[in-house]
Amino acid sequence: MNLSPEHGNPCPAARPHTVYFFGTCLIDLFDPRAGISAMDILEQEGVRVVFPEAQSCCGQPAYTSGYPAEALAVAEQQVRLFTEDWPIVVPSGSCAGMMKHHWPRLFGADHPLASQVAAVATRVYEFTEFLVKILNVKLEDKGQPTKVVLHTSCSARREMGVHLTSKALLGQLAQVEVVQQEREAECCGFGGAFSVRHPELSAAMAGDKAQALLASGAEQLVSADCGCLANINGTLAKSGKSLKGQHIATFLKSRLEPQA
Amino acid sequence: MSTHTLHPMPQASFRKRSQEVLDNPALRKSFRGAMDFLMQKRAAQFPDPARLEALRRQGEAIRQYSLSRLPELLEQLEANLKKNGVQVHWAETPVQAQEIIAGIMARADAEMIVKGKSMVSEEIELNHALEARGIAALESDMGEYIVQLAGERPSHIIMPAIHKTKEEIARLFAEKVPGVDYTDSVDELIQIGRQVLREKFRATKVGLSGVNFAVAETGTICLVENEGNGRMCTTVPDIHIAITGIEKVVEKLEHVPPLLALLTRSATGQAVTTYFNWITGPRRPGELDGPREMHLVLVDNGRTQAYARPDFRATLQCIRCGACMNHCPVYTRIGGLAYGTTYPGPIGKIISPHMLGLKGTSDLVTASSLCGACGEVCPVKIPIPQLLIDLRARSQAGGPDPHTPPLAGEGEGRKPLLALSFKLWSRLYRSPALYRLFSFLATRFRRLTPGRQGAWTDSRTPLVPAPRSLHELVRQRELSRSPQKP
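Protein chains in written order, with my numbering: chain A, 1 to 260; chain B, 1001 to 1486.
Treat the hints with care, as some may be off.
[Unchecked claim] For lysine-lysine, the following DSS-like pairs were computed, each having C-alpha atoms within a straight-line distance of at most 25 Å:
#, chain 1, residue 1, chain 2, residue 2
1, B, Lys1176, B, Lys1166
2, A, Lys241, B, Lys1029
3, A, Lys138, A, Lys253
4, B, Lys1029, A, Lys238
5, B, Lys1082, B, Lys1205
6, A, Lys253, A, Lys167
7, B, Lys1016, A, Lys238
8, B, Lys1016, B, Lys1359
[As the list claims (entries may be wrong)] In silico negatives: residues of chain A with every beta carbon more than 10 Å from chain B:
#, residue
9, Gln44
10, Val137
11, Glu140
12, Gly171
13, Val179
14, Gln180
15, Glu219
[Stated by the list, open to error] DEER-style ranges, computed between Cβ atoms:
#, chain 1, residue 1, chain 2, residue 2, range
16, A, Ala54, B, Pro1483, 20 to 28 Å
17, A, Lys167, B, Glu1478, 28 to 36 Å
18, B, Gly1085, A, Ala119, 57 to 65 Å
19, B, Phe1438, A, Thr18, 23 to 31 Å
20, A, Lys167, B, Asn1024, 31 to 39 Å
Hints listed in this document are in silico derivations from the structure and should not be mistaken for laboratory results. Cβ atoms here follow ideal geometry from the backbone N, Cα and C, with glycine treated the same way.
Here chain A stands alone, though its shape is the one from the complex (with noise of 0.2 Å):
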């Protein structure tokens, strides 16, 4: 896992026409109202979003899981999918990482597909750091006064090293405060197949976490990676709480529109 912080893609000298879209298996199941989101606001900069549909999961279930061969059959299906040289969207930190830092390992390099899966990583983007990096967008919030509080993951904090992306597009709201939370860094306690094999651990961690992000005081949670949601959504319903995260593509969706 490369955490050092010179991961940074290099970017394209022109502006892409065209992106792939990759939305990741939770939120396809889970939470597509983020991937339309996510795809509207690419289209509304002037992109145009390829949806490859024999798409399905990175693979990254099983290779964190110890079964690196049933992740490697998953994501030789999903590499074959971008033949064409356009930037890969990818609406999850997490996903984005796999697919960047850990499908060339996975692979290895004498795999018939290596070369395919280098130039891939080189492509992959993570979408807030798509619109802050490559699309340089300027957003126009046309929402009400709110406060907000960010969970990052860590794959896109210690990975991808996207952490402040997220950030610097909700500073842009003009009607959006952010507010902080205690142990901003610290993990939700999700990590897939985690939250259910050590599950007291990982409900500590989410517990703690669900605090924290009660405490801030903010009116709305958003998040760039769909697996935390889940877990803290989850997490902060159970207890009753009324707080519940949303991907941070539907809101910044919400706030682009003309509000009733």
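With chain A held as given, fit chain B onto it using these hints.
Relative to chain A, chain B alone:
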């Protein structure tokens, strides 16, 4: 390489042991406070991220270089130690290491050993083994002394008694140290420990110490400490036995300062410790002090297994600072004892499988959310999360092993049901048609989603699929945009 273990993993499971701590709010609060303190102290020592990164790269490079030449550096170290009058011993297993030390004790006719802090001596269960031979082992590091009085194991590699409150230590002293009344004044407690230990240093023939770095070109061992007990152990008794893992060797003296700068800052947030000992042999003719005899015991205990594999060699870069523990969201919540291994926390999860085999440690390698905090602070840039992922694969034997030799206990953590579910998952997610059918059913029959989803719903509401998948929403969107057919 055999992984000879004296004490297998404790019977109670990791899950049960960690549960006990999680259910103890006072203990959790005290761990949290201690780790917050250590994190702040470290951060204050590294104000400039660019300089920290440069230093970490230097530390990583030195450790990688040293490991790349490990066999020849060990030979050079041995030759130079011998030249300096140090007796060198090699131990492949903990039992061999115990026998070597017991042998030295027997030849010296010594009934007691005073110990400075040494995690390798914990690793080989030295105290236990010596006591079985009628030899008393007395810990002289204050934290280790407390842990020993309590009959426990260290819960942190740098701060062994971090799990104990001041009041617990006060009660322990009043109960276990003869002639001591209850006091919870830290200064008084330290004085009590000091008086007990001074007497022992004077009366004891053999002292033991650990090693932070061993320098091959000069045959020097380096010892980092704050309490001065390390210097006492290595200079006052007639015989000094140092014990170390074989990975601690570096080639040159000039390799030590960068590693030392990283070690003390990462460990305790100190720019420099109170004591730093360079030890190059026993007392020479004409010298007035120092031990008359010096030994170095070099312990393997599974390290050559990690060394032999390119995918696990980075494990041996560790300089044992403990920063990965202090920053770990799991360690912070359960402390070190729950791990049941000599080395707890993230470093414990990646080193213990080589010492104990994968069978007993399969729970440890999964006990991480892979948040990466450990890798981020590691002063020598060990990719701990990556090593955990690879250990999980070897524990599950999930796919062909890319390297030889196989790890001890390879595949023994495999759970047949988990293996089957990933087989099915893989079948489903690599076939677009099957996946399409699956997501159609999951969304259409979302009301049939079980309300209880195993451990997930113990503390969370159930995950319920959306009415339509993103695939479907995208198809609908494209249909609505395509020009109307006549």
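To see whether the hints hold, each was checked on the structure:
1. Note on Lys1176/B and Lys1166/B: the hinted pairing holds, with a Cα-Cα distance of about 15 Å set against a maximum of 25 Å.
2. For the suggested pair Lys241/A and Lys1029/B, the alpha carbons sit about 24 Å apart, so the restraint of at most 25 Å is met.
3. The straight-line distance between the Cα atoms of Lys138/A and Lys253/A is roughly 13 Å, inside the 25 Å bound, and the hint therefore holds.
4. With a C-alpha separation of about 24 Å, the suggested pairing of Lys1029/B with Lys238/A holds against the 25 Å cut-off.
5. Among the hinted pairs, Lys1082/B with Lys1205/B is consistent with the structure: their alpha-carbon atoms are about 22 Å apart, no more than 25 Å.
6. Our distance criterion of 25 Å between C-alpha atoms is met by Lys253/A and Lys167/A, whose separation comes to about 16 Å.
7. For the given pair, Lys1016/B sits about 24 Å from Lys238/A by alpha-carbon distance, which is consistent with the 25 Å threshold.
8. Distance hint between Lys1016/B and Lys1359/B is fulfilled; the C-alpha atoms sit about 17 Å from each other, no more than 25 Å.
9. Every Cβ of chain B is farther than 10 Å from the Cβ of Gln44/A; the closest lies at roughly 14 Å, confirming the non-interface assignment.
10. No Cβ of chain B approaches the Cβ of Val137/A within 10 Å, the least distance being about 21 Å, so the stated non-interface status holds.
11. For Glu140/A, the condition that its CB be more than 10 Å from all CB atoms of chain B holds, with the nearest at approximately 24 Å.
12. Interface exclusion of Gly171/A from chain B stands, the closest Cβ pair being 21 Å apart, more than 10 Å.
13. The Cβ of Val179/A lies farther than 10 Å from every Cβ of chain B, with a closest approach of about 21 Å, so its non-interface assignment holds.
14. With 10 Å as the threshold on Cβ separation, the claim that Gln180/A sits away from chain B holds: the shortest Cβ distance comes to roughly 16 Å.
15. Once the 10 Å rule is applied to beta carbons, Glu219/A is consistent with being away from chain B; the minimum gap is 21 Å.
16. The hinted window of 20 to 28 Å between Ala54/A and Pro1483/B holds, with their beta carbons roughly 25 Å apart.
17. A C-beta distance of roughly 33 Å is found between Lys167/A and Glu1478/B, which places it inside the suggested range of 28 to 36 Å.
18. Separated by about 60 Å at the C-beta atoms, Gly1085/B and Ala119/A satisfy the suggested range of 57 to 65 Å.
19. Here the CB-CB span from Phe1438/B to Thr18/A is close to 29 Å, well matched to the stated 23 to 31 Å.
20. Taking 31 to 39 Å as the suggested C-beta distance range, the pair Lys167/A and Asn1024/B conforms, at roughly 36 Å.
Figure legend: structure checked against the earlier numbered hints; every hint is met.
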